[in-house]
Amino acid sequence: MDLFEYQAKELFAEYGVPVPKDKVADTAAEAREISAAFAAEGSPQVVVKAQVKTGGRGKAGGVKLADGPDETYERAERILGMDIKGHTVHKVLIAEATDIQAEYYLSFLLDRANRTFMSICSVEGGVEIEEVAHSNPEAIARIPVSPLTGVDYATAMEIIKAGRIPDEAAEQAAMLAERLWAMFTDEDATLVEVNPMVLTPDGRVLALDGKVTLDDNAAFRQDHERFADASSTDPIEARAKAKHLNYVKLDGQVGIIGNGAGLVMSTLDVVAYAGEQFGGIRPANFLDIGGGASAEVMANGLEIVLSDPSVKCVFVNVFGGITACDAVANGIVSALGMLADSGGQVDLPIVVRLDGNKAAEGRAILREANLAVVEQVDTMDGAARRAAELAAAKGA
Amino acid sequence: MAIFLTAESRVMIQGITGSEGRKHGARMLAAGTEVVGGTNPRKAGQTIELNGASVPVFGTVADTMAHTGADVSVVFVPASGTKAAVIEAIEARIPLCIVITEGIPVHDTAEFWARAVDAGNVTRIVGPNCPGIASPGKSNAGIIPADITTEGRIGLVSKSGTLTYQMMYELRDIGFSTAVGIGGDPVIGTTHIDCLRAFQDDPETAAIVMIGEIGGDAEERAAAFIEQNVSKPVVGYVAGFTAPEGKTMGHAGAIISGSSGTAQAKKEALEKAGVRVGKTPSETAALVREVIRSA
Numbered sequence: 004m005d006l007f008e009y010q011a012k013e014l015f016a017e018y019g020v021p022v023p024k025d026k027v028a029d030t031a032a033e034a035r036e037i038s039a040a041f042a043a044e045g046s047p048q049v050v051v052k053a054q055v056k057t058g059g060r061g062k063a064g065g066v067k068l069a070d071g072p073d074e075t076y077e078r079a080e081r082i083l084g085m086d087i088k089g090h091t092v093h094k095v096l097i098a099e100a101t102d103i104q105a106e107y108y109l110s111f112l113l114d115r116a117n118r119t120f121m122s123i124c125s126v127e128g129g130v131e132i133e134e135v136a137h138s139n140p141e142a143i144a145r146i147p148v149s150p151l152t153g154v155d156y157a158t159a160m161e162i163i164k165a166g167r168i169p170d171e172a173a174e175q176a177a178m179l180a181e182r183l184w185a186m187f188t189d190e191d192a193t194l195v196e197v198n199p200m201v202l203t204p205d206g207r208v209l210a211l212d213g214k215v216t217l218d219d220n221a222a223f224r225q226d227h228e229r230f231a232d233a234s235s236t237d238p239i240e241a242r243a244k245a246k247h248l249n250y251v252k253l254d255g256q257v258g259i260i261g262n263g264a265g266l267v268m269s270t271l272d273v274v275a276y277a278g279e280q281f282g283g284i285r286p287a288n289f290l291d292i293g294g295g296a297s298a299e300v301m302a303n304g305l306e307i308v309l310s311d312p313s314v315k316c317v318f319v320n321v322f323g324g325i326t327a328c329d330a331v332a333n334g335i336v337s338a339l340g341m342l343a344d345s346g347g348q349v350d351l352p353i354v355v356r357l358d359g360n361k362a363a364e365g366r367a368i369l370r371e372a373n374l375a376v377v378e379q380v381d382t383m384d385g386a387a388r389r390a391a392e393l394a395a396a397k398g399a
Numbered sequence: 000m001a002i003f004l005t006a007e008s009r010v011m012i013q014g015i016t017g018s019e020g021r022k023h024g025a026r027m028l029a030a031g032t033e034v035v036g037g038t039n040p041r042k043a044g045q046t047i048e049l050n051g052a053s054v055p056v057f058g059t060v061a062d063t064m065a066h067t068g069a070d071v072s073v074v075f076v077p078a079s080g081t082k083a084a085v086i087e088a089i090e091a092r093i094p095l096c097i098v099i100t101e102g103i104p105v106h107d108t109a110e111f112w113a114r115a116v117d118a119g120n121v122t123r124i125v126g127p128n129c130p131g132i133a134s135p136g137k138s139n140a141g142i143i144p145a146d147i148t149t150e151g152r153i154g155l156v157s158k159s160g161t162l163t164y165q166m167m168y169e170l171r172d173i174g175f176s177t178a179v180g181i182g183g184d185p186v187i188g189t190t191h192i193d194c195l196r197a198f199q200d201d202p203e204t205a206a207i208v209m210i211g212e213i214g215g216d217a218e219e220r221a222a223a224f225i226e227q228n229v230s231k232p233v234v235g236y237v238a239g240f241t242a243p244e245g246k247t248m249g250h251a252g253a254i255i256s257g258s259s260g261t262a263q264a265k266k267e268a269l270e271k272a273g274v275r276v277g278k279t280p281s282e283t284a285a286l287v288r289e290v291i292r293s294a
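Residue numbers (the numbering used here), protein chains in the order written: chain A, 4 to 399; chain B, 0 to 294.
For reference, chain B alone in the conformation it holds in the complex (with noise of 0.2 Å):
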């Protein structure tokens, strides 16, 4: 098992003959991934070589998912696209839609997200603004290295990319179920908290690492869900301690406003819960391995 993204998980990419659909396309596929295809509506009908592999271009997302059983969408189509690429998804209905896209305005991203909802929830939306899902050895959708880390018994969920990787790189020894990148804009799809149950209920999870950073409440509520809901050891990290109020830090969330959103703040109500916090991403690590061997 892992969680969302499985061995048999069907990847479409839409935006697929674009550089970044291309690259990353070709990156998953060496990583092991089903890519079973991807979207262009002026190149329906097509192929694009990807990694050796010849991959077929639909025009819409329900003509791919018809022809190629896919089930997890992953978006590389521009900010200015991202609306209507994400709203043909979940008219589609697919399970799964992954998006990578940085930049969205979050109006866009509100009314996607409340057309999501609306539709019944029958599409999970990880990101925007985020790295995508590795579950190692399994599949990777999005733009996570594949190489930096093994399979393995940890869960992670994080706001960033880069400490996810680092985090992912310090532990390959023990390896992972699944990493998720959940994004850093202010509003997104699957949150901690999804995250948090969906590991929880995993026989393959043994142990999860929750980063975080400044802005929003989310890791406040995460905090309160976990005292709640969460039996397997919860280790945490917080990004910003040194930000400055009303500064966005590189992601568009990333602001403190007031007093609300601050590191300290989201650090006492994670340890408040129990979960044990690193003062630096190595420490959060030892951390991770302190817990792991009695897990």
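So that you can see chain A by itself, here it is in the shape it has in the complex (with noise of 0.2 Å):
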């Protein structure tokens, strides 16, 4: 899960991190109030930043200084509902303005090729760190950081110190260092970034913007709740994750049901694949309904799947391992049931290929369930040719 701007901010400041002061606006009003604010405890001039969970939002006009509160209204009308590479700004961040002396960057994350933490930092700040990679390669330090010793300031300082930030600000750097690996770990996450970390002219360091993306396996021990985002959440997938399905949004037209999450993957690709032949037919959306693939469970895939009004077929693959395909045909054939019960009477065909353990059972219930949506295919390419094909022949 990424984070906000804003709540990536309100993170450090729990965990003593400087920032700049700030408050998020959902509308222009609530924008001129808390310019007004700052106005009064002397500080009249702020930056209106908006919020998206994207990079470049200065280059597409999202991040503009004001002057008073008139101006901050006027910044933040133009700015919310902006849209910035597909994300809508919903909210903006007003924060003071800071005078900024130099620009550095300090980073925590997964090193997944070395299974273990690393700290980036670069005395070239306030760009994109891939950016500085490629243009000045030596101005970045890359420091392994082991799980189990982690970082403590003397640590910390060695980042500091390797990343040639200067001394007058390595002692206020190594500090916010320590704090962001504290907050690194406690709140499981697998990327904090501050970019820039800013010295300003009276010499102090301060966190200037933030990105930070929480490991959502942890969510069972982390209040995530509290930073989850209905406005840029698609309703679909919204609803799917609250029947516990495991379900992707995508752009295309053959809605795909399948079990195991690499199986799900190859679907997609082999259905993209078969769509070419057919006028750029494309999957759907992404869903693995597990190894167990119950009836119920099918049922409440069937029906997130077919609420996606750009589906025009649907492909179930299933491969019986554990769960044998007799189970699941008949999870399918009650599946249906259910649906038709509760006046979801599907009518988009159904193309379903089951292959491994029980098969032969498996099919041959749903050849006697007789079901005049679905259409059985015994291989997965064949199969995922045939739903192009009827995808293409509704007008997809």
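Heads up, a few of these hints could be off.
[What the hints assert, rightly or not] Once the Cα atoms are required to be at most 25 Å apart in a straight line, the calculated SDA-like pairs of lysine to any residue come out as:
| hint | chain 1 | residue 1 | chain 2 | residue 2 |
| --- | --- | --- | --- | --- |
| 1 | B | Lys278 | A | Gly282 |
| 2 | A | Lys397 | A | Arg167 |
| 3 | B | Lys137 | B | His66 |
| 4 | B | Lys246 | A | Leu194 |
| 5 | A | Lys252 | B | Lys246 |
[Stated by the list, open to error] Label pairs and their in silico Cβ distance ranges:
| hint | chain 1 | residue 1 | chain 2 | residue 2 | range |
| --- | --- | --- | --- | --- | --- |
| 6 | B | Gly31 | A | Ala157 | 30 to 40 Å |
| 7 | B | Glu19 | A | Thr152 | 32 to 42 Å |
| 8 | A | Tyr156 | B | Ala6 | 50 to 60 Å |
| 9 | A | Ala375 | B | Glu19 | 31 to 41 Å |
| 10 | A | Met121 | B | Gly31 | 37 to 47 Å |
I should point out that these hints are in silico values taken from the structure, not numbers from a laboratory. From the three backbone atoms N, C-alpha and C, an ideal C-beta is built for every residue, glycine too.
Starting from two chains that each stand alone, build the complex the way the hints lay out.
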């Protein structure tokens, strides 16, 4: 789960990582009030920052300086509702403007390749670190961090020195790094990035912008719900999540249901591959119903997939491993029954491919159930082709 | 021979009294695995009936090993307790620890991995979030269905469970020496490279199938390894060509960030290393048939 900047900074503040004074607003009127309050406290100049989970906000015009409440109102009004790389701006962060003497970079992240953690530190901040890595790779220090020893002040200072942060900022930067590490571990983050970490002319070191990614697997021991964001979550994905289904919305026409993440990913590819011959038919979603594939889960899955109006055909691709295909076939039959009983009669074609344990028995059950919408194809490639063909015929 | 798991392996189960531990313990026994015991600190001294056999329950991994000679542990304990369970196995110095549990926080995995390295890599860790290891006709440790394939000459290493089963089933007439599910998490113990090295050295393995998916750069590094070190034919498959950037596709590790981790990049790296890569699982199986005929 990626956090918005304002959420990242709330966490920074909780952990004692210094941030400029700021407050988030949903409307331009709120932005004006915040700006007025800041002006009364002696900070008339503010920055209005679009809150979207993507980079390049500045270039897109989503970050603007404003002098006083009225200009803040104007800026906020223009930025709210803006589309930045497909993300609609629903909130703006109003932050007191900070004088900047120098911009640095600091992060902690998971290092997949080396199966450990890593800190990246650079005296060159304020631009994307990938750019620095490209243009001036010597300016970046990558320091492995052991999960067993972590980061104390001395280690933090080594990181800061390796990043060649100048002496005048080093002490405060090291303190910031130590606190940032505490946040990284305590919050089960996989990335905490401060970019830029700035030095002000009066000698303070601040986190001016932040990026945080939290580990979804840690949700059972963390309060991730408080960062949930209804406005930027796809409504079908939100409903699927409430039903404990592993669903990702895509932009195609063939609804996909399968068991096992790898098999479902592969099913998407095989459908897209077959769809090339039918005018670019593509998969409409990722949905992994897991190994069990019970009737209830199958019914929930079908209901979710069919609620996407761009779906013209559904492809159910199941490999019977521990759960044999006869059980899966019974699940499909009762799922369609359950949907019909609840008024959700299915009228789109459903291509089913069953293979693996008891495939013959499963196929026989579906044949005998004689369901008008169900069509069986025995191979994955053949079924994908048929699903693409049916979707194309439905005018997708 | 087979890799990592053989007919001589003595398998124990951490979390043997839980529903998953019982269910799969019984299946492992039915597949001919030597399941010698398991742990549950609250039920130490009792026995548990699995598939008609009476299996002893111990309080700790070390006790189980001392009394039964267990040399493989399969971990089924829930995600919240997995880190402690794996660290216990590492401290008991068991040679092989297979972590089936999914949904483990990556900070926990990074920590138990660091402990395993710190302890001198005495314990090989497979997983987490993996289906385990099957050496058909010899032993089965984990949740891979035993009856979908046969013993044979193909070695398989895969990040995905069901894709592994699909491949084992499609090629059941040729059969497998060992299939290793290494798991779909961002941090895993045993890697593609570890398995490729072991299959290269295994006289019973004639050809290798490697199944990868989006996320990270493990496939790219495996490709570099193959180029230098693997003389046996390798056939590859990569899932996730249609996955959008920034979305996690089921497996915690299956996510494309920026331009890294894409299926296309992985496929190209493998092909550059002389690996034939199938476009679909069936096409991949067909390629395996081709190479095994000439192997």
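Outcome of the hint check:
As the CA atoms of Lys278(B) and Gly282(A) are separated by approximately 19 Å, the hinted pair is consistent with the 25 Å bound. With a CA separation close to 62 Å, the supplied pair Lys397(A) and Arg167(A) exceeds the 25 Å bound. Between the alpha carbons of Lys137(B) and His66(B) the distance comes to roughly 23 Å, so the proposed pair stays at or under 25 Å and holds. Note on Lys246(B) and Leu194(A): the hinted pairing holds, with a Cα-Cα distance of about 16 Å set against a maximum of 25 Å.
With a CA separation close to 10 Å, the supplied pair Lys252(A) and Lys246(B) stays within the 25 Å bound. In this structure the supplied range 30 to 40 Å is violated for Gly31(B) paired with Ala157(A), their Cβ-Cβ distance being about 55 Å. Look at Glu19(B) against Thr152(A): about 34 Å separates their beta carbons, and that is inside 32 to 42 Å. For the hinted restraint 50 to 60 Å between Tyr156(A) and Ala6(B), the CB-CB distance of approximately 54 Å keeps it satisfied.
Between Ala375(A) and Glu19(B), the C-beta spacing of about 39 Å keeps the proposed range 31 to 41 Å intact. Distance hint for Met121(A) and Gly31(B): a CB-CB separation of about 44 Å, consistent with the stated range 37 to 47 Å.
Hints 2 and 6 from the list above are not met by this structure, while the remaining hints are.
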